[in-house]
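Enquirer: Here are the chains, one letter per residue:
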Amino acid sequence: MDTAAHHPGLVQVRPFATTVAAERSGSIPWFVWCLAAATTFDAFGGYWDISWHISIGRDTFWTPAHMMVYLAGILAGVASGYSILNTTFGSSPQAKDSSVSVWGFRGPLGCFVAAWGGIAMLTSAPFDNWWHAAYGLDVKIVSLPHSILALGEAMISFGAVVLVSAHLNRASLEERPKLNRLLLYVGGIVTFGSALFILESTPMEFMHSPRFYGAVARAFPIALIGVSSVSSSRWPATTMAAIYTGLFLAGLWIFPLFPAEPKLGPVYQPISHMVPLWFPVLLIFPAIALDLLRQTSALRWGNLKAGVVAGIVYMTVFVAVQWPFGDFLISSAARNRFFGSIYFGYSDPANTFYNPYEFIAHGTTAAFVGGMALAFGWAIVFCCLGMALGNWLKTVQR
Amino acid sequence: MAPLRLNREVQLFVIAALLCLAPCASAHVGSPDVFYDGNAGPYRLFVTVNVPQVIPGIAEVQIRAASGDVKRIATSVSRLTGGGSRYAPVPDVAIRSTVDPRLFTSSIWLMEYGSLRLQIKASGTQGDAEMSVPVASFARRNLAMPRWLGALLIALTAGLAIGAVSIVGAATREARLSPGAQVTEAARRSGRVAIVISGVLVVAIFYFAFAWWTFDARQSAMMTKLFRPPPLSITVESGNRLKLKAADSQWSKYGVMNKLLPDHGHLMHLFLIRTPGFDRFWHLHPAHAADGTFDLNLPPLDAGHYTVLADIVDESGFPWTLVGAIDLPGNTENGASGDDSGGSFPALNTTRNDSVDVLEDGTRVIWQHDPLAANHSLILHFTVEDPGGHPAADLEPYMGMGAHVEIARSDLSVFAHIHPSGSAPMAAVMLAANTEGSRGQSMAGMTMQGGSKMEMPSKVEPDFSMPYGFPKPGLYRIFLQFKRAGKVETAVFDTQVR
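Chains as they are written, first to last, in our numbering: chain D, 1 to 398; chain X, 1001 to 1498.
It is possible that part of the hints are untrue.
[What the hints assert, rightly or not] Pairwise CB distance ranges, derived in the manner of DEER restraints:
#1 D:T364 x X:K1253: 19 to 27 Å
#2 D:T365 x X:S1178: 30 to 38 Å
#3 D:T365 x X:G1292: 21 to 29 Å
#4 D:K394 x X:D1216: 38 to 46 Å
#5 X:I1058 x D:A373: 40 to 48 Å
#6 X:V1099 x D:P270: 37 to 45 Å
#7 X:E1060 x D:S147: 25 to 33 Å
#8 X:Q1062 x D:P126: 28 to 36 Å
These are calculated hints, taken from the structure and not from any lab test. Each residue gets a CB set at the ideal place from its N, CA and C atoms; glycine is no exception.
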């Protein structure tokens, strides 16, 4: 007799009779932890590296921040590579059954994605080196070689999300809370990494301009909504936003405790300690709104309509909270260590060439309105993409 | 990946460059490196700064102490004036040569365009002292990608593209199958469709990436071009009056020519050189008009084709040389005045390798030198003797200095106007010396008295030393100008540089 036919309950609770042995025992495979760790090192290394460059300036191949990023790439590469090779050439039928095939190799999909990310990171290195020689040491985050690096790092993170999602979708009820927590942690780190990538568009003086809101409209929704769709938590987006907020606040308050001096000139600001990145954007509020939206039965989470509504809600709440908060950050009340409006990188000509406590001009009213409308449009598009991603992640098994 | 408010900074910098710093030309023509001879307190130092090809980039610095009492040298970079000039980074300790303990080398990052300052701190048996050397920072070229790197990138990105498309196919085909389930034909079809769609997306991404790269390359080329000198527009009016202006709409718009610093007494030093023989040479000082143009009455000169080189210094201390050419009719009226000097000279001679020039009044000018090589730091040393063969005792300051030297390659791809302190313009040197921490600094031939004012000793010794380095091989003419008994003399030397 067919086991599934005689035990439909068993099929529903645990439909996959050939679940990997590790999941039966409740343990998460080591390479899943490695990818989660790689994602963490990438993000932390990125934050540290940016702070290093605006505090000290001069760096070498071997700075601690760079070492963290290399470690991320190595961890991702080794973990993914081992998993793929072990699945392909190993003798575990369960592993093969839970794998996909690429170019004759078999392995978890998340590992292939993460391995791709590691190779992309490696590709960016010689390119970035030549870019400096050709166009000078690039002093911005978003350059073409850096974007390839960021894409590689993003794919390592995405690979981790896919891997954890696949395990979560196959896991027993007892195993799901642990996997869910890991998923939200990785999602939070992805959100943190997204905030780093849009850092140049999110200083306080941009908070009354479409540029700021366009950036936040594109950077966060895919991860917030995509991961929320897989999570069994009631507050997944809030959790991820809280992780990002907590980490940025920790950086804001802890980094300035460490001495640092600029080693590159010209120097426009007197620097004696590490300069942190800015106060986190108020992502927690639109994240709460998204979670509330997801909980409501009036909206079928995952379809196009939900994506449109989510986009509008996300941006509306964001503008409503961030706009007045921008006024606060510009004011003298925020010029303290807690809110961080006093920090400028050594090469930032604030108070020399420009007034940092003034919002940048946003052009004509028509340009402003058009820009903000475009930001809302981006939010809708990216929320819909997040919904599509979430729908897919909910069904990933391998 | 440093300043985060970069877009705004780039905008501000470009505007500032146009308004205040001015589109900065190559310092002189084809001679961007800095050669400097000065004193940090009791220590005489010869400084060479080999500026990088691209900015930001690394400049190589060599500092040679004249005496052995310098034990340590540290260097740092700041702006010459304005924001960024007040604070300095942690200085780098220069490496002392084990072979020649008087030679120190250092590598410094030039992070910005414009007028920068190399701060030197010397420590030795006579204590600590500081000196500042102005450095004009600008990019000179764009680097092409080596073939091997291009091939490697193509291979890697092609692999990444194929990998991405394949992974998307696998994700569509198999990722949602329960473990152990077989791939159906429908799933394979979906996988193939996904591969095609993702392939199109990958191609679109590559297109976008190349467009972005092209845009950045154009931006870089634009910055390099922005820092090339605009052409000099020259017209002759009323027979012997020369009118000059910069032929650039941005310069006119921002009034660049109305914001210049006087450089050893004049807003512009103009050089007329008849080509191809270099047999007529004039060093003139046009007057500045309210509309930003310069004009002057021509000295007596023969008709011919003249290259015109105008040296000016903008208000940030950045030097640049505007170049033009004009066919001048002969002129017999003597419009020269004040510090103007020049005359007729033998034509440039490819076979001569001069070391002595005897002037019309019998004055002998001796240039002691070994065979010259390009890209080497040198000291050009000249001695002036009276007709009796004795060291001349009646030399006077000429525009505040003992001597001025103009160096021109036969094709005028190199032109430099240097002084005993070196190749940096005197106006910039004064700005550098006037900063806090540079007290006790002096240039060769001049000393700082108490505050910031440089004073020229009244007596000029008949020996001149000037640091310089020829940027490339070729035939050069050197014009040495000094003042003797109330008259400005010009000696010429032709030399081959290997």
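Enquirer: Hint by hint, note whether the structure agrees.
Expert: How the hints compare with the structure:
1. D:T364 x X:K1253: 19 to 27 Å: holds (23 Å)
2. D:T365 x X:S1178: 30 to 38 Å: Roughly 56 Å apart at Cβ, these two residues miss the hinted range, so it is violated.
3. D:T365 x X:G1292: 21 to 29 Å: violated (38 Å)
4. D:K394 x X:D1216: 38 to 46 Å: Holds - the Cβ-Cβ distance for D:K394 and X:D1216, about 40 Å, lies within 38 to 46 Å.
5. X:I1058 x D:A373: 40 to 48 Å: holds (46 Å)
6. X:V1099 x D:P270: 37 to 45 Å: holds (39 Å)
7. X:E1060 x D:S147: 25 to 33 Å: Cβ of X:E1060 to Cβ of D:S147: about 32 Å, so the range 25 to 33 Å holds.
8. X:Q1062 x D:P126: 28 to 36 Å: holds (31 Å)
Hint compliance for this structure: hints 2, 3 are not met, and every other hint is.
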